[in-house]
Each structure stands twice: as C-alpha cells, then as structure tokens.
Amino acid sequence: SQQGEEDPQALSIQEGENATMNCSYKTSINNLQWYRQNSGRGLVHLILIRSNEREKHSGRLRVTLDTSKKSSSLLITASRAADTASYFCTTGANSKLTFGKGITLSVRP
Amino acid sequence: NAGVTQTPKFQVLKTGQSMTLQCAQDMNHNSMYWYRQDPGMGLRLIYYSASEGTTDKGEVPNGYNVSRLNKREFSLRLESAAPSQTSVYFCASEGRNLYGYTFGSGTRLTVV
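Quick mapping for you: the protein sequence lines, in order, are chains Y and U. If you're matching positions, the first sequence starts at 22 in our numbering and goes up one per residue. If you're matching positions, the second sequence starts at 11 in our numbering and goes up one per residue.
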C-alpha cells in the first residue's frame, strides 16, 4: 500500500487563520499528492510534489516534502469558509493511488 | 465540459439485483479507476485499467466486475448486489503526465 497517513484527523480553525496538515508515509516515493473532497463531491487534485522537490506553492497552498523523514505538510494560508473539506495525501508507485481516511478541516466564519 | 462523467448519481437496489455503473472521460486518459468510499474510511480501490483492453484487481474486487469498453469508458458491474456494497462509488482517470487523478462526482448506491 502506498497511502499516506494524515494528521490530525480533524482540525477546526477560524476564518483567516492558517491551517497546517501533515502526512507521513512508509516507503520510497516518486511523488506525493494532496487532494480535497468537499462534502458529497468527488476528490479534486490540489498539488503534486516530486521526490526531488522540497517545497511547492499554488495560490494559498504551500506543500513541503521531507523524504528523510518520510513526511509532508500542506499549509493553507488565510483560510476561508470554502476551504471546509476533507484533505487526503497519497503516494503512488505505478500510478495506483490509495487513500487514507483524510483530515476533516472546518473553517468557522 | 471536460472531465469524468458517472451515471447514475443515485441508485437503490434490492439484494440480489444487478446493475452497471457507467463512467466516461473525455480527456484521452489511458488509466481509469473505480473506488468505493464508506463513512469514516478512505477510498478503497476496486479495479483499475492501466490502458484500453487491460483491467486489474485492486484492494476490494470481490463482488464486482469491470469492462474497459474503449479508451473513454470504464464500467463497474455488480452481478448480485449485497447490503455490504452500499457505498459511494467514484470513478477516476489519469493521463501520462502525472498531474493527478480526475474524479467523477460519484454514484451513491444503497442496497436494501
């Protein structure tokens, strides 16, 4: 299995605050991906970071990768109510992704 | 709109009935996947197809069959539905450029 393990399981913050979510994995990877799932919807790909990259940005998202610690973090800056969703990390060799339980992020208005 | 289209969106079946979940993508992706998602759990891979004409089992294939009809379409069939197959089913596809999976909006299946 190549799934990541997300931490914490649930996170509640105030609108405007930053949200930090963590992911750990067990085996060597080619890349690590983060996805978002809004309630009742399919997953949406947020960002992919390759194993030779240490940090990547996309809008209000910042992802870091530490391959020596087999961990990644997703930072959402200046959170909005619309960021309320579940977030999943995944690593997949041979493109066969597996997904853990995810992190439930609640952003209070 | 480009993406992954799943039909139907909702379905209620009686135990023992059969049905086929349809999935189509218009992005010329090679790989397609079927997942199920149960409350409090992550997505579990049922079957996948790395390319047209090939299919392989995932983590939870029992009770399901698949067909990769052509490059666009990948269907999931329940031959004899059981209450344990009550779930939300997601289809996804991926191209060669590793920009992540594109997911459909899901099929909510209830087996009574």
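Just to be clear, a hint being listed does not mean it is correct.
What the hints assert, rightly or not - Quick list of simulated restraints, FRET-style, between CB atoms:
1) Y:Gly80 <-> U:Ser90: 42 to 50 Å
2) Y:Lys77 <-> U:Gly50: 27 to 35 Å
3) U:Asp36 <-> Y:Asn51: 43 to 51 Å
The set of hints was computed from the structure by calculation and includes no laboratory data. Every residue gets a Cβ at the ideal spot worked out from N, C-alpha and C, and that includes glycine.
| task | Please test the hint of 43 to 51 Å on the beta carbon pair from Asp36 of chain U and Asn51 of chain Y. | result | Distance hint for Asp36 of chain U, Asn51 of chain Y is violated at roughly 27 Å.
| Do the beta carbons of Lys77 of chain Y and Gly50 of chain U sit within 27 to 35 Å of each other? | 30 Å, holds
| message | Looking only at beta-carbon atoms, does the pair Gly80 of chain Y, Ser90 of chain U fall within the given range of 42 to 50 Å? | response | At 47 Å between Cβs, range holds.
Checked against the numbered hints above, the structure violates only hint 3.
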